[in-house]
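Protein chains: 2
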Amino acid sequence: MNHSFDYKQTIVARGDLAMSPGKLAAQVAHASVGTILHPENNQAKIMSWFHEGFRKIVLKVESEKEILDLRDKCEVEGISYFVVTDFGITELNQNTITCIGIGPDLNKVIDKITGRIKLWR
Amino acid sequence: MNHSFDYKQTIVARGDLAMSPGKLAAQVAHASVGTILHPENNQAKIMSWFHEGFRKIVLKVESEKEILDLRDKCEVEGISYFVVTDFGITELNQNTITCIGIGPDLNKVIDKITGRIKLWR
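Keeping their order, the protein sequence lines are chains D and S.
FYI, the numbering used here numbers position 2 of the first sequence as 7, with every residue one higher than the one before it.
FYI, the numbering used here numbers position 76 of the second sequence as 81, with every residue one higher than the one before it.
Honestly, the hints are just simulated from the structure, not real lab data.
From a predicted model like this one, the values you see are computed outputs, not experimental measurements.
Misleading hints may appear alongside valid ones.
Identical copies go unnamed one by one, so any copy, or any two together, can satisfy a pair.
What the hints assert, rightly or not - Listed below are the simulated SDA-like cross-link pairs for lysine to any residue, each with C-alpha atoms no more than 20 Å apart in a straight line:
hint, residue 1, residue 2
1, 50, 119
2, 123, 96
3, 117, 62
4, 117, 96
5, 78, 67
6, 65, 102
7, 117, 102
8, 78, 117
9, 113, 123
10, 123, 95
11, 117, 22
12, 123, 58
13, 50, 62
14, 65, 96
15, 65, 47
16, 70, 49
17, 65, 25
18, 117, 93
19, 123, 94
20, 65, 124
21, 70, 20
22, 70, 55
23, 78, 52
24, 123, 67
25, 70, 48
Could you put together the complete structure from these sequences and hints?
Have a look at this one:
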């Protein structure tokens, strides 16, 4: 593992749902894992990202529509993604879209999609 | 994907670090991905978990020592795990241990390790 970063993954989650910190963390992890285990995704790219230290950045939007717009952009650009829908067992209504994982891919590719979205602090 | 759950993963994170929600989410995702991409881990088990819907639970402890004790228990029991150490680029001191991902494995196996630890809400 080295410390230069060519690749990253962004996970964009919904601030408007007022998820608890633990709920948010589980949803973001779900998005990240979902992109990785999806059988259609590029395993060579995933392993390059992994060997760099698999950097990931959590970002915030305020609506479901913004998540769906990001999904559409990924489709158009051919970038791997995974949309998380919560079953609604604990905090949320059934089948609530909570976040989207995008990548991993080259920084410049990811920034075309999520470069203007604010960090979730 | 069906809705019966034989497998789960738990991610145990440190409450004493006062991480922001976005930081916590990124660290938890890192732990989850780390266990999955680690080359020594059981890929058949991971895929069983994935096809169930890859359930994950976020738990909270209040010290580094508790994370290290969990790591030791996983070693003794032969359960897969991944300890996350933060580089300290943003919020934390350099090389801070933030969390541990445990499993995925059968519920009863995971519960032996983390069954008494409280949920992170």
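* Classify it for me, residue 123 with residue 67: is the Cα-Cα distance of at most 20 Å met within a copy, between copies, both or neither? => Answer is within; shortest intra-copy Cα gap is 11 Å, inter-copy 29 Å.
* To do: Check residue 65 against residue 102 for me: Cα-Cα at most 20 Å, and say if that holds within a copy, between copies, both or neither.
  => within (13 Å within a copy, 25 Å between copies)
* To do: First find the shortest C-alpha distance between residue 123 and residue 94 inside one copy, then the shortest across copies, and answer within, between, both or neither for a cut-off of 20 Å.
  => Answer is between; shortest inter-copy Cα gap is 18 Å, intra-copy 29 Å.
* Asked: With identical chains treated as interchangeable, where does the CA-CA distance between residue 123 and residue 95 reach 20 Å or less: within a copy, between copies, both, or neither?
  -> between (27 Å within a copy, 15 Å between copies)
* Is it within a copy, between copies, both, or neither that the alpha carbon of residue 65 lies no farther than 20 Å from that of residue 25? -> both (14 Å within a copy, 13 Å between copies)
* Status of residue 96 relative to residue 117 across identical chains (alpha carbons, at most 20 Å) -> Neither: 33 Å inside a copy, 26 Å across copies.
* To do: Could you figure out if residue 78 and residue 67 sit no more than 20 Å apart (CA to CA) within one copy, between two copies, both or neither?
  => within (17 Å within a copy, 41 Å between copies)
* **Homomeric proximity label, residue 117 with residue 102: Cα distance no greater than 20 Å** => neither (22 Å within a copy, 32 Å between copies)
* Check residue 65 against residue 96 for me: Cα-Cα at most 20 Å, and say if that holds within a copy, between copies, both or neither. => both (19 Å within a copy, 18 Å between copies)
* **Identical-chain pair category, residue 65 with residue 47, by Cα at 20 Å** => neither (26 Å within a copy, 34 Å between copies)
* To do: Go through the copies and call it for residue 117 and residue 62: within, between, both or neither, with a Cα cutoff of 20 Å.
  => For residue 117 and residue 62, only the intra-copy Cα distance (15 Å) is at most 20 Å; the inter-copy one is 32 Å.
* Evaluate residue 50 and residue 119 at a C-alpha cut-off of 20 Å and name the case that applies: within, between, both or neither. => within (19 Å within a copy, 33 Å between copies)
Hint check: violations occur at hints 4, 7, 11, 12, 15, 16, 18, 22, 23, 25; the rest are consistent with the structure.
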